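Engineer: Each chain, written out:
There are 2 protein chains.
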Amino acid sequence: MDLTAFRAALGDIPVQDHPRIVQQKSRDHYWYSPRLKAELENVTAQLVVTPRTQDEVKIVLATAYKYGVPVTPRGAGTGNYGQAMPLSGGVMLELTSLDRVVSIKRDRVRAEAGIILEKLDEQTKAAVNGEMRFHPSTYRMATLGGFIAGGSGGVGSIRWGGLRAFGNLLALKVITCEAQPRVLELTGPDMLKVAHAYGTNGIIVEAEIPLCEAHDWVDVMVGFDSIQQACAFAEQAARQDGLLLKEISPVAAPLPYDWFNRHRPYIKNREQSVVLLMAAPPAVPALVDFIAFHKGDLLLRTDTLAEGERKKLPPIYELAWNHTTLRGLKIEPTITYLQTQYRDLAHVNWAIENFGEEVPMHLEMIRFDGQIVFAGLPIVRYTTEERLEEIIRIHEANGILVFNPHRYTLEEGGMKKTDRNQLDFKKQADPRGILNPGKMIAWDDPNFDFDIGRAWLFEGLKTLGAA
Amino acid sequence: MDLTAFRAALGDIPVQDHPRIVQQKSRDHYWYSPRLKAELENVTAQLVVTPRTQDEVKIVLATAYKYGVPVTPRGAGTGNYGQAMPLSGGVMLELTSLDRVVSIKRDRVRAEAGIILEKLDEQTKAAVNGEMRFHPSTYRMATLGGFIAGGSGGVGSIRWGGLRAFGNLLALKVITCEAQPRVLELTGPDMLKVAHAYGTNGIIVEAEIPLCEAHDWVDVMVGFDSIQQACAFAEQAARQDGLLLKEISPVAAPLPYDWFNRHRPYIKNREQSVVLLMAAPPAVPALVDFIAFHKGDLLLRTDTLAEGERKKLPPIYELAWNHTTLRGLKIEPTITYLQTQYRDLAHVNWAIENFGEEVPMHLEMIRFDGQIVFAGLPIVRYTTEERLEEIIRIHEANGILVFNPHRYTLEEGGMKKTDRNQLDFKKQADPRGILNPGKMIAWDDPNFDFDIGRAWLFEGLKTLGAA
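One line per chain: the protein sequences are L and X, in this order. For reference, each letter of the first sequence is one residue, going 502 to 968 in this note's numbering. For reference, each letter of the second sequence is one residue, going 502 to 968 in this note's numbering.
Don't take every hint at face value.
The list cannot tell twin chains apart, which means a pair is met if one copy fits it or any two copies do.
[To be verified] DMTMM-like cross-link-like pairs, simulated, lysine to aspartate or glutamate; straight-line CA separation at most 20 Å: (1) K538 / E886; (2) K567 / E557; (3) K606 / D804; (4) K928 / E557; (5) K620 / E542; (6) K620 / E854; (7) K812 / D717; (8) K831 / E858; (9) K769 / E886; (10) K796 / D691; (11) K606 / E859.
Rather than coming from a laboratory, the hints here were simulated on the basis of the structure. A quick note: this is a predicted structure, and the numbers were derived from the prediction, not measured.
Pulled out of the complex, with its shape left as it was, chain L reads as follows (with noise of 0.2 Å):
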């Protein structure tokens, strides 16, 4: 790598040195893993390098290339696996300055990777009344491209199921790092060689997706005496086809009087837990209906609520998800999650028996190759790593899935096992292998056992169900 030959090509592409800027930016949210932390903290890229436009991410592409210069893209750093972190040093690859709506139709947008998701559909709202089918919890930071390379799903998931299903991409464009990089447009099956690739294998800079009508989502919180009966209330919700919900998540007592500081006052006591929602207008009467028919204890519902309580309120999709962990670690920084799937309630059941408050549940519904399902994002009361292990092993063992958020590879954690179409187009896309390296562990072991792992959280191709 000759990084001042490098630095001295890009000519006057915008480049960042300042050891704290360069650490900062070289840093995502792994440290929600004591594991990651720990093996991690101490990575850092030489330098940031923030394109302006897609002409100039060719121009860095091929001059890493030329000058062997690894290369890990970056859009807001919300990740939590590790998956914008350099590795191998290098240059950050910065993309939140490509942030230009390409085009919005009625039912679909394209953009650029950077814009960030909230900005993204503040625009389609205004000029179609759409909205994004489904965005991670990290909404109001995250960008568009990072969200489609490093996540899988979020809210919306309970409607539309995971982003790398069959039809939740339209089109993605693709920067290789060659030479002469090229500029490709993956459409159709073609797109999962590089979705939830962590950018190992390409970068994307444009990305068009499908819209979904816009609601003015109501936030609403219901409680439970237990668990089990919040989870249970949570799948009968799920099921009911005629309720435009965008979110369901139950969250174990104590968590939701501990942890959601400002909808504390809302919430009874530290015994109560809760089930987050949000619902289309039309169809909160029924749910209200729903909830009182279930005995569930209606705490919030923000389309009745004054202005100046709603505005003291975050989005309740900032409880939930990966939020529900973040919010527990400012509070209990010892504590970390597990990401699981239940594939019935009696599963779900049998965990929250048998870990009681080592690994207080929490739930969201999604749904999955067609079937309501459980998705588990657990809090673990973190002691050892070999303890965490265990649980995992226990977990396995009862026939409920881990994918494993303790692990920076994309073999180890979500995709459960090298997706060999995404490591062929590696080959062609990155032949130096200087994008984000590490993160693909047959790239850089060609003897790895592709059949090693057992499942994909929001599999692509697989979910074409053929023979």
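Chain L is fixed; fit chain X onto it per the hints.
Structural biologist: Frame of chain L, contents of chain X only:
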């Protein structure tokens, strides 16, 4: 019943008594069923009354109450279980002049009961780019009130479940049949008192329903060598959470070639089974990939068809749901059909193999209580009523639900049992029992066994999933 006094008391409310017109308006599509055709062919009212306003409906009902005149409400008469057949004579209450749109908001519409569904959508599309969540295959003829009073779901049920599922109706305005008719605004679970009650316990004069985003739906037809392959493809397509489809219907060979005359040029041969689909424009590329992946034969997609060709074709939903049978009846008048529900593909395949050419398969993929299931409308090559009953018994003995479309009562048809709420409401709203007489067994036979039935299609409160 004093019809002369009744008529005199109506003032200038339009009536018709020409025998041919009265007979024509005394008919629905009961002739789908050979049994109903024989039972009901001599049924007729004596008078047709066509109120122009809701106040006139009140006058008609007060007057009918006073003189004991049976009142059978009618929209477009497209029901095919005899829902709108005036079993006790009297008057047909034709509601098609109540066709005003009351209000359109971004996410909902309120309209009078007599508006034709297609006309309603035209207005909501123009105003807010919204459309009804679902509609019957008689979309271009049927009325809003008729659909709610006599229907249960249809095109769009793959996404939104049934009409009676929680959240699919927002409010119903109902007029009772009493000395002083009351105008009731029903919301929440109260709506289930009159939804799918055939107008036996109140006249629906206005409805408020949620809207979803409108699309220029693309009709797609896919060919397969066997109906089993078609059904397997249909199930997998339904499971694609990211693929926005409004209709998925497998139809067994040789029905498509023999019956879909204007689509015949696109079908390879008599041996080809097909799947009929409606896809939102952004879903079409992914659907085309998906079809190739499943080795389907893409026979038709209307988005790439020359306009002249496209205009020759009826919308594909007019090949589906009850229109499949309707088209068959025009060509093979001796056929009839069943309504079934199969819990999985194994049950579908069992039915296909067990009955062979006597019961050619026609399915509709739907969501039911949060799950994707197979709603069956299999064709029956009818021989005798005894054999038809035997076919039903064999289905039921093998764990397949049958909703008998050869019965005109609520209990014996789709509902499979008396809805106590509907019966109780009839006692209040129709104390003389003159609204659509003969359709609710429990009204005429108070000793009727409420628990005789086994299942409801698109059940109402039961899907609330209470313990």
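Engineer: One pair to classify: K606 and D804, alpha carbons no more than 20 Å apart. Within, between, both, or neither?
Structural biologist: between (30 Å within a copy, 17 Å between copies)
Engineer: With 20 Å as the alpha-carbon cut-off, assign the pair K538 and E886 to within, between, both or neither.
Structural biologist: Cα proximity of K538 and E886: one copy only (12 Å, versus 74 Å across).
Engineer: Quick one: K620 to E542, C-alpha cut-off 20 Å, is that within a copy, between copies, both, or neither?
Structural biologist: neither (31 Å within a copy, 63 Å between copies)
Engineer: Please sort K796 with D691 into within, between, both or neither, judging by C-alpha distance up to 20 Å.
Structural biologist: For K796 and D691, the Cα distance is within 20 Å only across copies (18 Å; inside one copy 48 Å).
Engineer: Quick one: K620 to E854, C-alpha cut-off 20 Å, is that within a copy, between copies, both, or neither?
Structural biologist: For K620 and E854, neither the intra-copy (42 Å) nor the inter-copy (55 Å) Cα distance is at most 20 Å.
Engineer: Please sort K831 with E858 into within, between, both or neither, judging by C-alpha distance up to 20 Å.
Structural biologist: Close inside one copy (19 Å), not across copies (67 Å); limit 20 Å.
Engineer: Quick one: K606 to E859, C-alpha cut-off 20 Å, is that within a copy, between copies, both, or neither?
Structural biologist: Classified as neither: same-chain Cα gap 49 Å, cross-chain 48 Å, threshold 20 Å.
Engineer: Is it within, between, both, or neither for K567 and E557, if the alpha carbons may be no more than 20 Å apart?
Structural biologist: within (15 Å within a copy, 84 Å between copies)
Engineer: Tell me, please, which holds for K928 and E557 at an alpha-carbon limit of 20 Å: within, between, both or neither?
Structural biologist: Intra 23 Å, inter 76 Å, cutoff 20 Å: neither.
Engineer: Checking an output row: K812 and D717, CA cutoff 20 Å. Within, between, both or neither?
Structural biologist: within (14 Å within a copy, 38 Å between copies)
Engineer: Between the shortest in-copy and the shortest cross-copy C-alpha distance, which are at most 20 Å for K769 and E886: within, between, both, or neither?
Structural biologist: For K769 and E886, neither the intra-copy (35 Å) nor the inter-copy (62 Å) Cα distance is at most 20 Å.
Going through the hint list in order, the structure does not satisfy hints 4, 5, 6, 9 and 11.
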